[in-house]
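Chemist: Residue numbers (the numbering used here), protein chains in the order written: chain D, 1 to 530; chain X, 531 to 1026.
Please keep in mind that the hints were generated in silico from the structure rather than gathered at the bench. Misleading hints may appear alongside valid ones.
[Unchecked claim] Pulled from the structure, derived: some chain D residues nowhere near chain X, Cβ distances all over 12 Å:
1) 9
2) 22
3) 30
4) 64
5) 138
6) 174
7) 225
8) 308
9) 310
[To be verified] On the chain D side, residues computed to face chain X include the following (Cβ under 7 Å):
10) 432
11) 445
12) 449
13) 461
14) 468
15) 472
16) 476
17) 515
18) 516
19) 519
20) 520
21) 523
Don't be surprised by glycine CBs; every beta carbon is placed ideally from N, CA and C.
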Amino acid sequence: MTGFQAPNVEWLTLSPLLVVFLAAVVGVLVEAFVPRAQRYAVQVGLSLAAMVGTLVASLVVFARLSPTADEAELGRVVAAGAVAADGPAVFTWVLLSVLGLLSVMLFAERKVESGVLTFAGQAAALPGTEAEREASTRGLSHTEVFPLMLFAIGGMMLFPASNDLLTMFVALEVLSLPLYLLCGLARRRRLLSQEAAMKYFLLGAFSSGFFVYGLALVYGYAGSMGFAQIAAAVSADTGSRALLLGGIGLMSVGLLFKVGAAPFHAWTPDVYQGAPTAVTAFMAAATKVAAFGAMLRLFYVAFGGNRDDWLPMVWAVAILTMVVGSVLAISQTDVKRMLAYSSIAHAGFLLTGFLGIRSLDEVAPGGLTGVSAVLFYLTTYGFTTMAAFAVVSIVRDAGGETTHLARWQGLGKESPLVAGVFAFLLLAMAGIPLTSGFTGKWAVFAAATAAGAWPVVVVAVLMSAVAAYFYVRVIVLMFFAEPVGDGPSVAVPSALTTVVIAVGTLVTLVLGIVPGALIELLGNVGVFIR
Amino acid sequence: MLSLIVFLPLAAALVLLALPRLGDSIARWTWVAVAALDLALVVGVWLAYESPAVGQLAFEEQAPWIPGVNSSYHLGVDGLSLPLIAMTAVIFLACAVYALREPDRPRLQAALFLFLQSVSMGLFVSADLILFFLFFDLSIVAMYFVIAGWGHNDAGRSAMKFFLYTFLGSLALLVGFIGLYIAADPHTFDMVELTNQAPLNGSFMAGGLVLAAILMGLAVKTPTVPFHTWLPPAHTDAPAIGSAVLAGVLLKMGTYGFVRIAMPMLPEAWRAWAWVIIVVGIISVVYGALVALAQTNLKRMIAYTSVNHMGYIALAVGAAGLVADDTAQARSIAVTGAVTQMVSHGLITGALFLLAGVLQDRASTYDMDAYGGLAGPAPRFAAFFAVGAFASLGLPGLSGFIAEFQIFTGSIAAAPVTAVALVGILLTAALFLRALQRIFTGPTRGRSTGFADLRPTETWSVGALLFLSLLIGILPRPLLDIIEPAAEAVVELVGR
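Let the sequences and hints guide you as you build the complete structure.
Modeler: Structure representation (structure tokens):
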């Protein structure tokens, strides 16, 4: 009997993940042992340090990416085949650490709620009871949100890097569970928030169930959980195709739910509206990055061999998602719901880029692949949407945030700077040149057209025009409508939120004017290791 | 030099924006000064200009921008763009002078128009498709704010319609550009390179689809029937200087795209679909004139004559695609006429819209029936409007004649059936004369009573535009000398 052989773990390559998870665990201990008065400072300091740490670690790993043996791809498979630290994965690590850093800042904002976090004082106190009032007068805050968020980020980083189905499922759950909780923790309008959390949890649980079922079927087909082995089985075309196709279909349900693609989008508006705005910003930006990263890897690496089977499905979903998102957004009267539908539409545009799959020899050197186009779009959309939700979080009246669009009338007269920034971000989402939204759209359209998916691109163009309508409508409302009553007021946020808005806007502008460097970088790293 | 011309107004706009406490009159005069300086620079370029070889540009500037996709910051002028740049500078200067009496947020208005001037200049000098598209879209954004912010009546709705319609068109254009990019080998967005390659020659289907996307984008902006429905409400509700720029400059972006992008880069597809373009042109000419004839709102009427005038251009460039050995010279004349028409229409319609703005300013209505005998209280206004109207209907001695004469000479030689469009000229004459009669002749009545005549700012701005139209009408040679080599080059490229 041979002795137990410990797996070889590449600590340095995995360090970005380890830093986040370690900090999350320490955060839980902080909750248990540090006195209440100091928890806020300690938790914020810890989370910021963790995000900076993981950013540095990710950058180090990114800089050390080296070609594989046959020099076709960058990166290596680590942790006994469970994690693939290749170009796309490490790029999403870097992106997620930056977005996570900004999210921590949004979470830590206390000035707009006059000294307390925007999260519930005591989640266990029922809305409208004496206990809630007491928690509120004592100025309690749930600092547990910080470790929860760190766990979510850890899961998100693992998700697109997972190299077998089991790791992918674990990552999916690690990122989802904290998000369900965070959604229910709003300080104001708590019933709405709790309802959102409940809906998200129930539907999310179902979708996870679908994912696991699909996973089991694919395992039955390929006899292995590893992506490389599944890819080999797919190209050898042994085994029952019914198992494979069923598995692909069920797993797509789980993933398309996470990215908010139609027809699995129904949770998005309710959850985006009910969740605390900081959490919405975090979800909208970071979850999309993680879920699309994972989807790209699963479909391109494991199921790349039979893409003719699943491409028609993605065509249909992409078209449906763009149409549903853009058309339903028109009739929204709430800013957060409108942005939620717009995020659905953006998921559709991302899926359009996803269709840009081509085999390596079809792509000219340095040409735009589906992977690099989608990653580029994710970068642009992540920063824009985070800044947009950050703006939403500071437009307030006596009852908290005023998300009803009618209350935004005349914001341009009240505070031209905030309204101007928001208008710029909306124009970016509409895809106007000189903003990152345009370069992002251009990238996914180009990738999809090159792969022959031009009918989808035509729909995407039509839907971009529809989407422009509701973005511009908000601009009209802010600048050319008279304020109703005393109108909204803009709370002066602390430096934290200001930094988030500034960084998001700046990235939106810079990637709109000089996208060249990032596109080139992604052209070099945008290949999955197999 | 070109970069300076493009970015000088933008820099001034940023300065105006950055100084919120600036006095109104300083802002207005800064605008005039910058517009004048920009015009002076353009005149400098004009004097130093020598026609480049076929497929080449003068005053080229190139710097890497997005090297990953072979898109660069590439500027240059030739005989197609130089006249349009000059016209753009003139129109913006005229608008700056006209707006010297503007009471409503003059600092912001000046900044917005300077930005729009940068964008328009940039579009006409860009030699890279992405750069072109960028300016194309930004012009929509800026004009949207002009209409929504300074318009009257139902301005918000008209602005929205304008934005969505033209934005959709621009997206179609983007798809076409991506098609060209992908077909080119090596992939590139550079216009000079794409013109040399003509990448889709030989693939009938793909060429047709890409041309369809590009034509749709340009046709919305031009606009030709059936994509013109955004134009009348946008013009009716826009402020006077907004209308002048919209008709004078922004519409030319569409027609300029025909001669700069569609014809030289997709010659085979252009030849295959030339008849479609001719038919669309003829319909635009006749339909635009007929609908204009039925209008009672003066500004709406002028807007519809734009559809008619843009139809002549579509007709001419379409006829240039009917390649036959013995008609090369005729086709070249047609293209020359088309470019001349762009300049001429910019000047004349710009002037007419500024004059229409005077009606709104004095009596708050464009309804022709509300006036009568206006020549009595406002003789200068009447005289200017009459000159503008005669120029627009193509009276010899004014620029409209030079343009339309060449268009018809060239088109009829290439395809005799295009003579049908001559009806358009007759209709235009009828509608302008009818408008003159309704507003200016007869006893003074209605809103005409107490109508103040043109003020100096209005006189100078409109006068300058009309004077240039007269100058081109009498001495067309300097302009034609610039256009003709470029028109011949386009005809040669289409014949490949």
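Chemist: Does each hint fit the structure? Answer for all of them.
Modeler: How the hints compare with the structure:
1. 9: holds, 36 Å
2. 22: holds, 37 Å
3. 30: The claim holds: residue 30 of chain D sits with its nearest Cβ about 45 Å from chain X, beyond 12 Å.
4. 64: Consistent with the label, residue 64 of chain D stays out of reach of chain X, its closest Cβ about 23 Å off (over 12 Å).
5. 138: holds, 45 Å
6. 174: holds, 35 Å
7. 225: Per Cβ check, residue 225 of chain D is outside 12 Å of chain X; nearest 36 Å; holds.
8. 308: holds, 21 Å
9. 310: holds, 24 Å
10. 432: Nearest chain X Cβ about 6 Å off; hint holds.
11. 445: Interface hint status for residue 445 of chain D: holds (6 Å vs cutoff 7 Å).
12. 449: holds, 5 Å
13. 461: Check passed: Cβ of residue 461 of chain D comes within 4 Å of chain X, closer than 7 Å.
14. 468: Result: holds, 5 Å to nearest chain X Cβ.
15. 472: Status holds, d = 6 Å.
16. 476: holds, 6 Å
17. 515: OK, holds: residue 515 of chain D within 7 Å of chain X, min 6 Å.
18. 516: Cβ of residue 516 of chain D sits 4 Å from chain X, so the hint holds.
19. 519: holds, 4 Å
20. 520: Residue 520 of chain D check passes; min Cβ-Cβ to chain X is 4 Å, inside 7 Å.
21. 523: holds, 6 Å
Of the numbered hints listed earlier, not one is contradicted by the structure.
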